[in-house]
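Top line first, the protein sequences correspond to chains A and B.
This note's numbering numbers the first residue of the first sequence as 1 and each following residue consecutively.
This note's numbering numbers the first residue of the second sequence as 1 and each following residue consecutively.
It is worth saying that the hints were derived from the structure and are not from the lab.
None of these values were measured; they are calculated from a predicted model.
Positions of the beta carbon are idealized from the N, C-alpha and C atoms, including for glycine.
Heads up, a few of these hints could be off.
[As the list claims (entries may be wrong)] Residues from chain B shown here face chain A by an in silico Cβ test under 7 Å; the list is partial:
(1) L5
(2) F35
(3) I39
(4) V43
(5) M46
(6) Q61
(7) A75
(8) A80
(9) I83
(10) L87
(11) L94
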Amino acid sequence: MSVLVISPLLVALLAGTVALLFNQRAQKSIFFGGAFIHFVVCVALFLWIFRDGVQAYHLGGWAAPLGIAFAADSFSAVLVLLTGLLGLAVAPQAIQSRSKEPSNAATPSLFFFLLAGVDAAFLTTDLFHLYVAFELLLFSSFVLLVGKAGSKERVASVRYLLPSVLSSMLLLAAVGLTYGITGTLFMPEVGIRISELGPSTAISAVAGLFALAFSLKAALFPVFAWLPASYLAANSAMAALFSGLLTKVGVYALVRVFTLIFPEEMSWLGPLMLFVAAATMIVGVLGALAQWEMQRLLTFHVVSQVGYLIVGFALGTATALASLVFYIFHNSVAKACLLLATGVVRVRYGTDRLRDLGGIVKSDPWLAGLFLVAALALAGIPPLSGFWAKLLVLQASLESEAWIILAVAASVGILTLTSMAKIWTTAFWGEESGLKRESSLASRFIELAPVALLALITILLGCFAAPAIDISLRAASELLDPTAYIDALRRSIP
Amino acid sequence: MSDWLGIGVGVLAACATYLLLCKNPSRRAVGIILFGIAINLLVFAMTGAEHSRAPLVAPGQEVPRAPFTDPLPQALVLTAIVIGFALQAFALVLITLTGPVDDAEQEAGEEQ
């Protein structure tokens, strides 16, 4: 039974391998079927953790310090659920865009290996394995990003490649030094040894290396410039997947490592991260306001929204961490919904330049409605999920009396609304552009179904916020007191 | 031994940083490779290289005779070298394909 802990990882790896064996035609059904099974398994894991609490699995029957152990607490379970959901939602558009340019035969398997890397990062309890998981998802994302391989895409992918490689290397250095200091890579045990050793310069330096490596992955200020520069070249489905998962993996690793291993280091990192969070929010949203293409604007928002997550991490209280958990889920769903809607606009109108578009409300009322839901959710209008997410962040900063962050978070919310209004008034209102291409009813349905699914989830998450906030609070308390996490790992030793 | 390794890692990392900050793509590629070597050496230094004795268990004994080098970081470095090599190869191909992008061309690419 406990093998269910790593089942999302296994399903993704299996689907990726199977996809390699078949021709283009069969790959389509493997693509969607695999994404669906992966989603089902993720939901099963989430429900299991929700009912029975933290679960762990020791790979191959070797107890943890010798073997590699996986553990799923509420935080991991929420993020794995998110991975399954986004994988399923992105699959139809990814398949559709592939049938137009079937240049890259390896895409389905890379898609699944990316999911496997993300799942592994969310579930592992071994620092070196975390590094390997990062490499797995990086490799897949490089090729998925290059995809079309025009010169513009290549320039963008070089921009993506350099910071990613650099952050992996910094992570490897931090992992190596951690082993040098503590003699183990099993995260709970590393935490115990570090607290026994007491504070020292070496430990602070290693903590700083971890923070820098994960900040690069999460695209925080001042190391965020690669994200908008590279995501705009990806097709919208991949941009939705990347923005929903890859930066969040960085945030997850940051939270996991600093709650489990270096809780004492938060005394200096917390205030620093609070500044970083404010700067990330402001720079991201100002960058977004200056853009005139939908996908470019939305990728700048990815940066801005990560700032909100880091507020939760930097404050580090129970409410703050709960706000982070809720915000990650809300934001990934809303942002993926917007980017997928952008993909539909690109397919139907052949461009996403705001100046060329117009009158989508008249020509595509359904698409416009779904876009509006997600845009309002992102901006934090009640009763959508974004309202509760922002409310939790504001409440956390109120409780910690972080007034500046409170002001920044509130005003960035208004600027977010402004930039969403910019897209809405130019592309969706006004004169019809006349660019619309006619398409069959079936393909229109396939395009809109995932967007509708994600929009529905933001509505549901807003209307039934109480249970979701309960889960977030539970995840936060598990993060602050890792006894349950460590106990589950001990209990499950074969 | 460890001191020398430390100095070596520092010099390599400094050179790599300088190269990574260059505008020329091929210099940056070399920078990545040097940085990878520096980090691998750093992890390797965690073995306690000054002992330089293999962790072999003598007949009739339970544990190897101290002091010995720790084999785990060597295994980690081996994995990291393989991953890093693949990554560097991919980076090189990508940078070569992007070609000698001069500044004007690159800016034109951004405009599109």
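Inset, instruction - Tell me, in ascending order, the numbers of any earlier hints that this structure violates. - result: 1, 6 and 7
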